[in-house]
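Student: Could you build all of it, start to finish, from the sequences and the hints given here?
Chains as they are written, first to last, in the numbering used here: chain A, 1 to 54; chain B, 55 to 292.
There could be a bad hint or two in this list.
Stated by the list, open to error - Derived lysine to aspartate or glutamate pairs resembling EDC-like cross-links, with alpha carbons at most 20 Å apart: (1) K262/B / D51/A; (2) K262/B / E40/A; (3) K262/B / D116/B; (4) K262/B / E98/B; (5) K262/B / E201/B.
Claimed, not checked - Here are some of the chain B residues that sit facing chain A, going by a computed Cβ distance under 10 Å: (6) L174; (7) G176; (8) L179; (9) S189; (10) Q227; (11) P232; (12) V237; (13) T250.
Keep in mind that the hints were calculated from the coordinates and are not lab data.
Quick reminder that beta carbons are idealized off the backbone N, C-alpha and C, glycines included.
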Amino acid sequence: MYGWFWRHLPGSVPVRVLLALLTLALVVVVLFTVVFPQVEPLLPFSDVTVDGDG
Amino acid sequence: MTAPTRTSRELPVGLPSRRPTVLQGVGELLLTVGVLLLLLCVYEVYGTNLVTEREQRQLGRDLSESWAAAPGGPGRPVAREPPLGRAFARLYLPRLDGTRPLVVVQGVSVADLKKGPGHLPGSALPGELGNLVLSGHRTTYGAPFSELDRLRDGDAVVVETRDSWFTYRVEAQQVVLPTAVEVTYPVPGRAGAAPTRRLLTLTTCNPKYSARERLIVSGQLEDRQPTSAGRPAALGEA
Chain A
1 MYGWFWRHLP GSVPVRVLLA LLTLALVVVV LFTVVFPQVE PLLPFSDVTV
51 DGDG
Chain B
55 MTAPTRTSRE LPVGLPSRRP TVLQGVGELL LTVGVLLLLL CVYEVYGTNL
105 VTEREQRQLG RDLSESWAAA PGGPGRPVAR EPPLGRAFAR LYLPRLDGTR
155 PLVVVQGVSV ADLKKGPGHL PGSALPGELG NLVLSGHRTT YGAPFSELDR
205 LRDGDAVVVE TRDSWFTYRV EAQQVVLPTA VEVTYPVPGR AGAAPTRRLL
255 TLTTCNPKYS ARERLIVSGQ LEDRQPTSAG RPAALGEA
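Tutor: Here you go:
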């Protein structure tokens, strides 16, 4: 799938590298600001109270 | 000269075809999942701390402004339960953090605890008869109670409110199951009993990075003084 992505990037190699890095940065930002905060509560690190549902 | 039959995108003859195979796709997928999981770990260990640091700074400023705008009376406990998510006290653990306080919020929901240690709604307020129950993260989200196991009997736990300083002394430490709600009762272990002591209970998860058990640190109120009397002696111990 990375090969497919690379072949569909426009421009010369330096332009493609730049676009690929920008896409990567965008993906990481979305992960850290949107995806991970939603996923995180599903992990057990938040269970700090005694409430019987631990 | 024979006309070239391959385009510039193709590898020279003799090397494996560059056309993706199913196996290659699976490999890339697995690598991607691995990188995603690593990034999630980075978020857990570092990202969540940044979230809480930002919240604590903001809450600390809000609290200072609110207290400066309406200074409290002499030595009164918090009058009534604050709204959920609202900061209403500072918690000092001199043994662990020196004099760096944690801002305590009302409530122990996932959202509340992202801001800092939370006060169990319905449990005693600072200085009140009964059991003041505070819960906090052992790991992630600033990990305010990360080193709670280092507290020893006799250590001071100081709570600052708008009106007063409350100095509690640690009396016991235990590890219980997550279902042990009785440690939060006004009289721990005795449902419905009328409290005669002013207790403090700190709860967090145990062991670190696990939700298997809870670490419980209990203490009793030793001293209180109005904020006008200055910082309590216990904060000088660190």
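Student: Run every hint past the structure and note whether it holds.
Tutor: The hints, checked one at a time:
1. Proposed proximity of K262/B and D51/A is supported: the alpha carbons are some 18 Å apart, at most 20 Å.
2. For the suggested pair K262/B and E40/A, the alpha carbons sit about 16 Å apart, so the restraint of at most 20 Å is met.
3. Restraint check for K262/B and D116/B: the C-alpha separation of about 31 Å exceeds 20 Å, so the hint is violated.
4. A hinted pair counts as satisfied when its Cα atoms are at most 20 Å apart, and K262/B with E98/B qualifies at roughly 13 Å.
5. A threshold of 20 Å between alpha carbons decides the hint, and for K262/B with E201/B the separation of about 10 Å falls inside it, so the pair holds.
6. Here the hint on L174/B is kept, as its CB sits about 7 Å from the closest CB of chain A, short of 10 Å.
7. The restraint placing G176/B at the interface with chain A is violated, with a minimum CB-CB distance near 12 Å, outside the 10 Å limit.
8. For the restraint placing L179/B at the interface with chain A, the shortest Cβ-Cβ distance is roughly 17 Å, beyond the 10 Å limit, so the hint is violated.
9. For S189/B, the shortest C-beta to C-beta distance to chain A is roughly 5 Å, which falls under 10 Å, so the interface hint holds.
10. Checking Q227/B against chain A by beta carbon gives a least distance of about 14 Å; that is not within 10 Å, so the hint is violated.
11. The closest approach between the C-beta of P232/B and any C-beta of chain A is roughly 2 Å, which is under the 10 Å cut-off, so the hint is satisfied.
12. Taking 10 Å as the C-beta cut-off, the interface hint given for V237/B holds, the closest approach to chain A being about 6 Å.
13. The closest approach between the C-beta of T250/B and any C-beta of chain A is roughly 22 Å, which is over the 10 Å cut-off, so the hint fails.
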